[in-house]
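J.: Mind docking chain B on chain A? Use the hints.
Each chain, written out:
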Amino acid sequence: MPNQDESPERPEEETRFGFGQSTRRTFLSRIGMASLLATAGPAITTLGQRSEKLEQGLSAESKDAIPVSLRVNGKKYDLRIDPRTTLLDCLREHLHLTGSKKGCDHGQCGACTVHINGRRVNSCLCFAAMYQGDEITTVEGLGQPENLHPMQVAFVASDAYQCGYCTSGQIMSAVALLKEPCGPEEAEVKEFMSGNICRCGAYQNIVAAIQSVRQGTKPQKAG
Amino acid sequence: MKTFALTRASDSAQAIATAAKATTAQQGAEIRFIGGGTTLVDLMKLNVETPQTLVDINHLPLDKIEALPDGGLTIGAVVRNSDLAYHPLVKKNYPVLSEALLSGASPQLRNMATTAGNLLQRTRCMYFRETNMPCNKREPGSGCSAITGVNRSLAILGTSDHCIATNPSDMNVALAALEATIHVHGPKGERRIPIADFHLLPGNTPQRETVLEPGDLVTHVTLLPPAPGSRSLYLKLRDRASFEFALASAAVVVTVANGKITRARIALGGVGTKPWRSTEAEGELTNQAATEAVFQKAADAAMRDAKPQSQNAFKVELAKRCLVHALKLATQLA
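Sequences listed follow chains A and B, in order. Quick note: our numbering has the first sequence finishing at residue 223, numbered continuously throughout. Quick note: our numbering has the second sequence finishing at residue 334, numbered continuously throughout.
Take the hints with a grain of salt, since some may be wrong.
[Claimed, not checked] Examples of chain A residues toward chain B, derived with CB under 7 Å: (1) A129; (2) E191; (3) S194.
Everything labelled a hint here was simulated from the structure, so no lab data went into it. These figures come from a predicted structure and were not determined experimentally. Note that beta-carbon positions come from the ideal geometry of N, C-alpha and C, so glycine has one too.
In isolation and in its complexed conformation, chain A is listed as follows:
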């Protein structure tokens, strides 16, 4: 749990919906609540109490918590976390940087890909406390809605996603790939992107987006 005075603001990356200050996340949870109220009025009180308890459980400090200092997207965070906390869980649950996603939680899907000192890794297999002093970059640190990274622009232009769950991991891998010894061919890009699974199967457009950035050409849809 971050110290209150150092608690980071909620990141601005989430899609605004035009409902006052609603983000995609709060909007979806409100819709969820509204539909529950409509269909299960009496049950909602119990559910509300239960979710409050769950919240307390998640935010309660572990008795084994240790002080950890992390540098994420250029900002320093002083935290107390359980040593079991993975970097992914630390980013999402403690720093509220929810751009990095949890897919398999075993290093097989790549949804959690972040950069540590400029190199891409699976944050689900990192214990956060081991990366003190390192420069951690998440998708939130890559670009902002008004100032996207060229790879983010290319992903949008190439329609390189459907559901979007794997997208932040795909983009973090794609950006890292630009500095790796990846050959010019599409087959090489596919091999270098093999650690990122897309359940929707947007692979063709993902490769097209990456190639457009590498070749400096206008992003296009592959199919």
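T.: Structure of chain B alone, referenced to chain A:
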């Protein structure tokens, strides 16, 4: 996941002294070194590994790849797989090692995984990874679920009635063909272990996978200078084109002079309970003409002692074809 204490080793001596308090260096050890964590963290999440103390060795000065005066190479324990695979000296002198590393895992995992960690990589046998199932390697004496179960991907060489788990590493297979030496620093001092002696056959103690003792820290791996005129390569066959473990693989290092094989070092992956050096295949190749018929004899010799399970008999033929094709490629017959 069980809770644990995390410590950062300030130097090798402290790391060794801490780990020496463990009762074993093997499965179930209470004190474990952690490098990239790509195997260990995965298995801790499954409660297959339940250490009480983790000693972070990533900050020890064991991250160098350096040329040796004799023309060989020394590789630090925490050198990352990607750094090793792309190192100019590895690409130039030991292509089999570079190719093996790049055929394994994903770019993200290779950025994390270390040399020493890869040497100690645990099997992917699904019964080992599932704590509800009997497994002699995870829980000695509980039985082997794989022998009568799903064993398509498991070993056909070096198995026992107690365990048929495959060693999953690609790097280890290349290191076996290169006759690497593992340098270990332990409570009793330093020692050198040829890779052929480093991993153990399962026998009736499958929980014991290496000769390491409590406190033993792998500090580095050394390679001999490349054999003059030799060519090497790694060929891996698997269910998917990428990011998949080998069903069969071959690491070959051969020297051909005037159409005759003067020296051969052969190791196989995906088929053995340890990285499988085949001196039988080497014997069939040495001083013979580099022809497909000779390669076939070598492949037959490599698989002579194969003991397939109910679902993996196909591996015998697959491994033979893998070795024959690798030899064709290495001798430029393909």
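J.: Please list, smallest to largest, the hint numbers that this structure does not respect.
T.: none
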